[in-house]
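Chemist: Please build the complex by placing chain B on the supplied structure of chain A, with the hints as guidance.
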Amino acid sequence: MLKKLLKYDFKRMTRILVYMYAITVVLAGLTRLVNLGNKIQFVLIIGKILEGCTFAGIVNVLVNTFVHILGTFISNFFKDESYLTHTLPVSKTQLLFSKLISSLLVIIISVVVCILSLFIIFYSPEFMTGLKGFIEMTVASFNMSAGGFVAVLVTLLFIQTCALIAMAFTAIIKANTYNEKRILYGLIWMFIYYTAISVINIVLSVIVCALSGNLAGLFAEQISQGALLCTIIVISVGYVAETIFFCYYSNKLFKKGVNVD
Amino acid sequence: MTDLLSVKNVSKSFGDKKVVDDVSFSVPKGKIVGLLGKNGSGKTTILKMINDLLTVDQGEILICGQKVSTKTKALVSFLPERTYLNPTLTVKQTFDFFEDFYSDFDREKAQDLLNDLGLDLNARLAKMSKGMKEKIQLVLVMSRRASLYVLDEPLGGVDPSTRDYIMQTILKNFGEESSILITTHLISDVEKIIDQVVFIDNGKIILNRDAEELREEQNASIDEIFRRTV
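Chains as they are written, first to last, in my numbering: chain A, -17 to 243; chain B, -17 to 212.
Just so you know, not all the hints are guaranteed correct.
Where chain B lies over chain A, by a calculated footprint (3+ residues, C-beta under 8 Å) [unchecked claim]: (1) 56 to 66; (2) 137 to 145; (3) 174 to 185; (4) 197 to 210.
On the chain A side, residues computed to face chain B include the following (Cβ under 7 Å) [said to hold, decoys possible]: (5) Lys(-14); (6) Val216; (7) Ser218.
Since the hints were derived computationally from the structure, they do not count as laboratory data. Treat the numbers as computed from the prediction; the structure is a model and nothing was measured. Every residue, glycine too, gets a C-beta built ideally from N, C-alpha and C.
Here chain A stands alone, though its shape is the one from the complex (with noise of 0.2 Å):
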């Protein structure tokens, strides 16, 4: 039921943001045909403003995916259409992990087109060795290569986004519990909950630096190599167990019954 569940998300998610995603990349190849042409005054303007528009359609996707998201969410769960989904004989459980793992695999889909997008109007050798030279001279003190880092980096997005998206189905859900006001208090809970997990993580990355004899390195000029290690592997184990809260949280919440309209 659960691989039912995903097909139905994933297509219900996806079937505008395709278009967006169509028309990002191919403003982004126009662009790049454009700049490749003559450097005349009218086709510098062209490409400018095709680049821009790449820009807002970067923008559009990013933005248009969590909207989705979020729409889908409160739409299948909340409204009209709750009717269906709370009646489906399938469980609770199964409900939220199809709407989490659609979700990330929107977001991924949408996060690879904005890059390629970017890829398109600007690659190039000296492109590549500019940006590899950038990231090796951020991390240079860190003693750490630049694949490393951008491994790190990507690892720390995901988690940080599977955390959010967690959390933001778990406030929306807590807000549902209420008989009215319920956008407020989803948007209060939306924000107690970020307060709360970005609080926690850095009082535990202090605590470990300090554990660690690492504590003057996290607050010197530039954060020391074992401080930075620290603050990563803590704030990684801290968004992990967020995650697994927060699902396990909205789960009981979905669990105990929702009340719809």
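Modeler: Frame of chain A; chain B shown alone:
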């Protein structure tokens, strides 16, 4: 007689307002039970609790002897008042959806019912009128070989010819092994088909009788008795 649905001492409040107050009734196998009441009497709230769309404050709801769960949802075919289908889908896609999730969905039957409506399988729901979407929902719900059909105001807000179509569809597709719980305030339209009547007013059951017995005893139609009682 086996009860397909048992509602036992169920209560539900929204804030300080008690909308369902200690309600008990049952739906036996093979019967059509009419839950009849005025607007706002608590009919829909009861159906929502039966379908896990609202939590029960007090009491118990049993479907085929089991508490409301994933298992019981496979036995119940629910037609809500609202249009619950994803508007971006076509009729064919909604059939696929029902076929994927309900093992008792009879696609052939759905296709036959759709042909009666003269609708195209590839028609998109977003381009249909509210009435047409409600008919598609009825087709989907009645095309399941469910044990219990729960129909919330299926005749509300539709023209007389559509009412006839809905009544025919319900009767044509209802088997002896299944039961129907139907709510409505348009009693004269359903009175010919119901076996048992449950009158509800202000969240309380005020009458629960066999329809035929009641008619004979009072020498009046259910509609007339309802007007006198509620």
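Chemist: Against this structure, judge whether each hint is valid.
Modeler: Cross-check of the supplied hints:
1. 56 to 66: holds (count 5)
2. 137 to 145: violated (count 0)
3. 174 to 185: violated (count 0)
4. 197 to 210: violated (count 0)
5. Lys(-14): holds, 5 Å
6. Val216: Cβ of valine 216 of chain A sits 39 Å from chain B, so the hint is violated.
7. Ser218: violated, 35 Å
When held up to the earlier numbered hints, the structure conflicts with 2, 3, 4, 6, 7 and fits the remainder.
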